[in-house]
Amino acid sequence: MSEARMPAQLPAEMRWVEPFGIVSLLLLAATQALAILQSPADAAMGHLQKIMYIHVPTAWVGMLAFFAVFVLSIMYLATKRVRYDLLAAATTEVGIVMTALTLALGAIWGRPTWGVWWTWEPRLTSTAIMLLIYVGYLVLRGFAEDEERRARWSAAVGIIAFLNVPIVFWSVKWWRSLHQPQSTRESMSGTYWNWLWINAVVMMLVGIYFIALRYRAARIERAAELKLENAALGRSEVHA
Amino acid sequence: MNLDQAARTTDAGPLGIDLQGAARRFGSRWVLRGVELQVRAGEVVALTGRNGSGKTTLLRILATLLRPNRGTVTIFGRDAAKDPDFVRQRLGFLAHNPGIYDDLTASENLLFAQRMNGLRPDAAERAAVLDRVGLTDAAHDRARGFSAGMRRRLALGRLLLRPPLLMLLDEPYASFDADGIALVNELARETAARGGCVVIATHDLDRASIVMSRRVDVRDGLLFPVAAPDRSLQLVRGGK
Amino acid sequence: MSAELSRVLAIAWKDVTAERRSKANFNAVAFFAGMMLMMFGMATGADKLALGAVATGILWLTVLLSGVLSFNRSYERELENGALDALVLYPGERRSIFIGKLIANLAFVLLVEVIVVPVAAVLYNLDLAAIALPLAGVMFLGTFGFVTLGTFYAAISSRLRAREVLLPLLLFPMLIPLLLAAIEATNALLAGFNGDAWSWSSVLVAFDLIFLAAATVAFDYVIEA
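So the protein sequences, as listed, match chains A, B and C. Residues in the first sequence are numbered consecutively from 1, following this note's numbering. Residues in the second sequence are numbered consecutively from 1, following this note's numbering. Residues in the third sequence are numbered consecutively from 1, following this note's numbering.
Keep in mind that the hints were calculated from the coordinates and are not lab data.
Straight-line C-alpha distance at most 20 angstroms; calculated SDA-like pairs for lysine to any residue:
#: 1; chain 1: C; residue 1: Lys23; chain 2: C; residue 2: Arg73
#: 2; chain 1: C; residue 1: Lys23; chain 2: B; residue 2: Leu104
#: 3; chain 1: A; residue 1: Lys173; chain 2: C; residue 2: Gly57
#: 4; chain 1: A; residue 1: Lys80; chain 2: C; residue 2: Asp220
#: 5; chain 1: B; residue 1: Lys82; chain 2: A; residue 2: Glu148
#: 6; chain 1: A; residue 1: Lys227; chain 2: B; residue 2: Phe26
#: 7; chain 1: B; residue 1: Lys82; chain 2: C; residue 2: Asp220
Everything numeric in this text was worked out from a predicted model, so none of it was measured.
Using the sequences and the hints, build the whole thing.
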């Protein structure tokens with residue numbers, strides 16, 4: 001976003017976005033590198049297993065984003081303040097990107113591992129369903145033109161959708177367990193989990209950066225619209 | 001000037017409608033640009049203006065179907081945004097599209113209205129109303145075959161089931177023969193006599209002038225009170 | 001009778017009456033469902049074994065695909081004459097509109113199933129007579145959740161362009177847990193009414209209750225202009 005396009009009255013509190021973004025992206029590069037380098041090659045999978053250091057964090061951050069949308073939706077309906085709606089939309093977009101990334105990485109991991117791109121593994125399947133649900137949210141926003149309606153309907157859908165997320169994961173898991181014996185998950189070393197958490201936290205920071213970017217863009221758009229509004233209302237009111 | 005108008009220009013009743021600074025936009029287009037309107041009990045106000053001037057939007061705001069983006073709407077002392085049900089219990093709204101169910105008969109349409117309004121589903125009452133609006137012969141015919149005029153009569157009948165204190169009529173004279181027009185004006189007079197407020201949005205000044213106590217012109221989202229030609233008992237209402 | 005119950009029943013009565021009188025709609029949907037069953041059967045190669053394995057899945061998919069056609073209509077009838085405005089203006093809880101329409105839609109879809117299930121039994125060689133009653137229970141539970149979310153989302157989609165694709169797009173991903181549970185419960189019944197039937201039926205009950213509550217509350221925010 002070039003400096004030239006930003007209006008003079010850019011909200012002061014959002015100037016933190018650029019430096020925050022740089023720091024978080026650098027951090028991500030660092031933690032990824034460290035995690036990959038420090039971990040030994042997996043006995044069965046070789047270095048491929050290290051994709052988990054991105055794959056799992058994106059999954060968690062995506063889920064967290066949708067939970068945030070749930071909360072933001074409630075807050076919008078409670079207060080009717082447009083900023084909650086704009087933030088919810090930005091968060092959904094980033095959540096969808098994270099989720100799509102999770103699926104792509106899952107397939108990339110799956111191909112050499114299982115020989116196929118997709119095996120209907122329960123968690124990946126549930127993640128795909130979650131992706132579809134929230135893509136629906138964005139498509140809805142695309143069709144609803146009136147600002148207030150769009151915000152209200154998105155909020156209602158954002159709440160209902162998240163209620164389904166645990167149900168989806170749980171029922172798909174049970175469903176697969178009927179049709180396919182579940183492989184027991186090998187216990188991972190302590191350091192694996194440590195690095196996973198570190199990367200997850202940093203991934204969350206990167207997510208916040210992108211959300212802030214989208215949110216700021218939406219706020220600027222709206223501020224411009226409001227300026228037009230006020231100009232259009234500039235004519236003196238007439239009493240009757 | 002006729003006796004009706006003389007009677008109507010007696011002293012101020014309580015304020016039925018108090019619109020302050022009301023503005024409403026659709027997308028980026030401002031349809032109402034900050035208007036003020038005060039209507040006292042017993043008044044019949046004619047809103048004149050071209051299509052697209054904002055008449056219907058104003059009516060819909062008064063009917064609590066829309067909320068203004070700016071400003072307040074106070075009906076009989078209550079804030080319409082906070083307590084829409086209070087307004088709706090006293091409201092009779094004849095919209096441009098009368099909202100009749102094609103697959104129900106005239107009588108069934110009224111029955112539905114009775115039940116939705118919490119009234120006793122009294123068949124005699126329905127018959128009486130149908131008689132008043134001249135639809136007795138069509139009582140058991142499906143509304144699908146009705147002419148535009150008949151539909152409006154049925155919608156007026158629905159209004160009669162629960163005599164309103166706030167009567168809003170959107171182009172009530174359109175598609176009506178002389179009898180229908182007389183009926184509309186009769187109902188307007190009755191409502192005003194009861195202490196209610198009537199707002200008629202219309203092109204047809206001739207018809208409205210028979211019942212109106214004053215006229216407000218809507219132009220491009222603003223209201224312009226129209227001073228009546230010289231009349232000894234003319235009272236100029238509202239405004240500051 | 002409480003005022004709210006009276007309103008709920010009034011709306012259900014109105015929708016059912018209007019639907020009954022435009023019979024063309026029901027017939028069309030029922031035929032569409034029958035056609036779907038044929039086409040799915042052909043798509044699986046009409047092999048007896050293959051069909052046996054997927055029959056319940058096809059049955060439920062057919063129910064979903066044909067049922068979804070009816071939800072938008074419920075609101076379109078209100079929109080075509082400006083009746084939705086009039087409906088919203090009646091004083092009282094908005095949720096009565098939701099429950100009333102839910103009941104009417106439920107009746108419609110259940111009626112379609114009365115035709116679809118026997119046809120499926122014939123085409124896919126399913127012995128349903130033995131499990132008729134429990135099957136009715138499972139069909140009802142599955143349909144209830146389907147109609148609940150369908151009635152909710154249609155309140156939104158019916159007022160937007162591309163409503164025919166928007167409704168399934170919003171609705172179907174949300175229905176997947178219900179679809180899985182319904183299919184598995186039906187399979188369990190066919191396999192001799194084993195314990196799984198109860199388990200999956202309880203999943204259906206939970207799904208139904210959760211979304212009945214959530215959609216009823218959220219409907220208030222959705223139905224206003």
